[in-house]
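Which chain is which? The protein sequence lines are A and B, in order. Per my numbering, the very first residue in the first sequence carries number 1; after that it's consecutive. Per my numbering, the very first residue in the second sequence carries number 456; after that it's consecutive.
Mixed in with the good hints, there may be bad ones.
Heads up, simulated DSS-like pairs for lysine-lysine below, C-alpha to C-alpha not over 25 Å straight-line [unchecked claim]: (1) 108(A) with 933(B); (2) 327(A) with 1120(B); (3) 1120(B) with 96(A).
The set of hints was computed from the structure by calculation and includes no laboratory data.
Now for the letters of each chain:
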Amino acid sequence: MAGEVNRRDFLSTLGVSVGATLAASAGAVLPVGVAQAQDKPKGNIPDTPYKIGHMTFFTGPAAVLGEPMFKGQQLAAEEINAAGGLLGRRKIELLKADENAGTDANVKELRRLKLSEKIDFFCGITSSGNTPALGPVAEEVKVLTIFVDGCTDFLWDKAVPNPHYIFRITNMQSADGVTGALAAAMTWPKTKRIAHIHPDYSYGRNAFDHFTIVMKKMLPNAENVSEGWPKLGTTDFSSHITKAIASKPDLLATSVWGGDYVAFYKQALRYGMFDKMKVASMIAFGVAPHAIGKDHPEGIIAGVHSNYHFTYPGGDRWPYNKAFVEKYHKRFNEYPNFQAEGAYTATYMLKSAIEKANKLVGGWPEDDAIITMLEGLMMAGPAGYVYIRPDNHQGYKDAVTGFSKNVAEYPFPILDPARIITIPIRNITAPPGWPKGEPTSTYTWIDKTWPVAKA
Amino acid sequence: MIVRLLAVLVFVAVAWTSGGAWAGHEIPFYPSFYAHEIKIEVMEPAAAARLLQKKSLHAYVGADPFAGGVVPSHVAYAESLKSYVVLTFGRSSGALADAGARCAAAARALKTLSTAKGAFTFHPYPVTPYHDDYLQHFDLVESARKKVAGQSEGGGPPLRLRAKGRLAEALVAAHGRATEKDWDATLEEIDVRDLLADRETRLNGWLGPPWLKQGWFQAYLLHAGTLADEGAGRGVEETLARRILDPPGPSARANLERKLVTDLRRGCERVAVGYTLKREALNVEYSDGVENIAYDAQGGLGSAIFLRDVKLKDFPWNGWLRLGSQARPASAWNPIAGFGDATGRLIWLAVGDPALFPAPNHGGWVPNRVRAAPSADGSVEIPPDALVPDAAAGALHPIGRGATAPVKVAYQVLASAFHDGTKMSPADIVYPFAFASRWSVREGRNGTRYDPVVDRATATLRERLAAVKVVRIDSEIKDYGEVQLIYDVPQVDVYLKRAIDPRYLAVVAPPWSAIPWELTVLMEEAVTRGLAAFSEAEAKRRGLPWLDLVRDRKLKDALASLADTFERRAYVPDALRGLVTVAEARQRWAALRRFHRQHGHFLVTNGPYRLEKWSSDSVVLGVFRDLSYPLPVGIYDQYALPLKAYVIKAEQRGDRLEIQADVEKVSKFERSYKIEREPFRPPPAGEQTRDALVAHYAVLSGGDQVVSAGTSRELQGDRLVVDLRGQLAPGAYRILVALALNGNLVNPAVKVLPYRVGD
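Sequences and hints are given; from them, build the entire structure.
Shown next as structure tokens:
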């Protein structure tokens, strides 16, 4: 793929599209939800509860992500239990643990959940600081696990390169920078000067690296004219904002997140920053829908951690999302975020794998049989199709981003439904067998194989 | 030893794991609390009402700005205990000088007032539902109520009442006419804050005696000064002394507290009529409002917990919090005996970090910057190098061989950087003990090294402290994947001369300082030289300015000059010789001077907020998001939205009581929540939960003595069990029971249950 190609053609090759919608039918792919008739299970199924240990943030700032994650799994568990349980017999019992206890405590808690509470399945995890620590432990104590987030590339690149028991369902971190850059290159192809403001820790570095390598390929004439690296805990972003403005960029790329992002955008509004340049954020809306205020500027690329926003895919084209959003809202009186969708889909993937394994071997399947069924499983979830790659146990779904917009129906801004940008994830992630690279495999893969686009 | 410790006290380090992109966007640790800026403006209620109406104020610390008017739908209230309403008899009241006549007259007045309409709750007993010892006084409260209910209106001449304050005036006006002449008794409101003002302290984050929020202690403060009979007064003081000695066991303590309150009420010199609640307004609008509200049952929004929990709805964290405060900042701003008015207190609660602060929903304390481990009880040998303050010499000296103490409390101190960038050291931790001792010794009429407020505020500490020893510095690591925060946590043993109720163990003499030692030394020097005085009382006595580190320009100039001298001399006070090196001292003084040059004031602390700007009627506080600050955003979330539990059914089964309960739970959605009530079910085995359900109980004998008291968490199925096996002799009892969910004992629903033990 190396060499030069026309940018528009290359974007097309990658499958980057605006306002795209998924195919109306999931065809042979299993959808989430229990409306699907379930075959009578084969063999004897015990009626003992199926224990799921769910660890996420219930306190602290990351609870804005963690609580929806738990609710997503709770909703799926309630639906499955209402229909009789897994294989019609085993009711799901959820055990909560607070991820905010810190990595060491979390490792101990995972061991305790498996060894003392005898959990059958471990799920959750928000922080990328925790998945690389918990992954090896889950492998060691042999507990079937689906991480909902904790999306660092490091998990598969270094911490657990050959997973057996653990899976992960959200897109990898590198997708954020790549998606943001592709969306910006497609939307604002005349960009020549790019300013950056990223948090001064590895997520910010990861976003900067991947955004920059993609821009090098997509907009080779563009240059980085300013870099701002606010330290962890920064509350006054004015020096970074003024520095960015002074560099007269066409585009600002930023991966500042959560409460820091809110403080940042409100300060940037005072400087008129959004009138002076285009803005592409990797994760502006990657919190919970209600966490962002209506004063947020419209028309910026407002990333959702490249995973999911509840308004997409639209209900008229993709009933699974419509049903999920309605059920979630009815149950919890709020709209789901990407963590809620991830945990909900993870639970149904588990259910599907158990059913397939039962069909094959009868009775309650061994974990290895469930793992075999999870490997290569494709499901139609609220966010679209999710596929578990067998070699690295990573879930893949189309990366999503869009443009911020205020609409009357919601008391917070959403992604403009007419301008959603989707990218097939396989086209922006290192393929199976690609050598482990620095800073990530995806980075080296893009660097070495993507062509440089002509205008 | 301590010099060696100093060498290793390297404080906090931030380690970034190399070679891997670990961290996600969601690094969950943000030091300090939600709002990144707090602006406090002094304003009248009417101005607050206008701003709240426009949604440009988040909360108002003061009177209800909408009292008697229409409350906007986006305004909610925090309700807390404000004041006692009492009837106080005059000292020389003729016929009413006799206790019997006084009590009879009071009973008639109470009967009248029991039906009075007004912004108060009739409650003829000085321990209220806003005190956590309410349960063990509940039968006495009921008995006082019954007595009033059974009282006839007539039977004697009506009391001639004088009214003090608007509430009292309204109450008296409704039942006759107040008189300023020839009155028998005064109906008045006594603010809880005023009652405690003398006992509270902001000294280095020590907040007062351990039992500050207990009903029995406040009843003592309310009544003791009014007792007419000297013998009765002596009896009360003896009972108080016995109670403060902390007799072993909750029943003995409860009986002493009941006796104390009973004795205080016996002569009817002052009679509790009721209490009022403070209603402080909060903007809870979807976008512009606040959430995660916690407040103290007695302090309301003017409490440490409010500032450490309040979150702006438009921000997952961060945000500009705007508060109104009614009180003019009349008190000087110094961390020894200043910040006394409500606005000053609010500023200090944000800027100064206490070792512990009062638990918002019960009478205990919340560890803030220290953790106290279980103590050794019995005779403990004190290491010879443990330090003892020597008041006369103003020094700390080793206690020497052969000393013992009945109690040792092992503390872990959560050290952090001061706002001037220096690192907290053992010298900062031990210096307050020397200070407390030195400034509490009277030197005669013209002494310049004594302050009555320091004396009073540190009395409990000085009476009980045997020795203190900084044992070692441990490292603690907070691991967030790529980011590892490594803290040095000093381990400090404090030896006490007397045993104490375990609930209060950590509060007596915490090894802590909210300010660096050199700032304390600088203030001491200013006071010694007659430039200012720590407390208002001493300032008046000596005709000096009240020491203000922020607003007194002349004093600041003098302090700057002194600090300059001390830097050149690398001054170390006698008490810290051997604990601070010359280089360290010079660095400390230089940092203090630099801070003053940069910020224009000397209020250097290690708290979560730093004073950035001030004027005559406003201050701006900026968050101190220094990675050394050990307490993160969200750490006190559990105190927001206190929940209640209710006894639905209780029955005796053998020698135990089984309780079926309803509990409240919070359902959060978007930026709102609702509280739902549901039958209690234990959480799944092993699930981590903070909402522990606890039964508090007191067993009363036929003679109204507490024969057993305590708490129980024991569960059998979905029932709480109070196991009384072997505790009670045969006979009939009454059990007072209240349930606390997650420690919330405010305004509990108390049940009185009959209980019988057979022969």
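Against the structure, the hints come out as follows:
For the given pair, residue 108(A) sits about 14 Å from residue 933(B) by alpha-carbon distance, which is consistent with the 25 Å threshold. For the hint linking residue 327(A) to residue 1120(B), the alpha-carbon distance of about 21 Å falls within 25 Å, and the restraint holds. Distance hint between residue 1120(B) and residue 96(A) is fulfilled; the C-alpha atoms sit about 16 Å from each other, no more than 25 Å.
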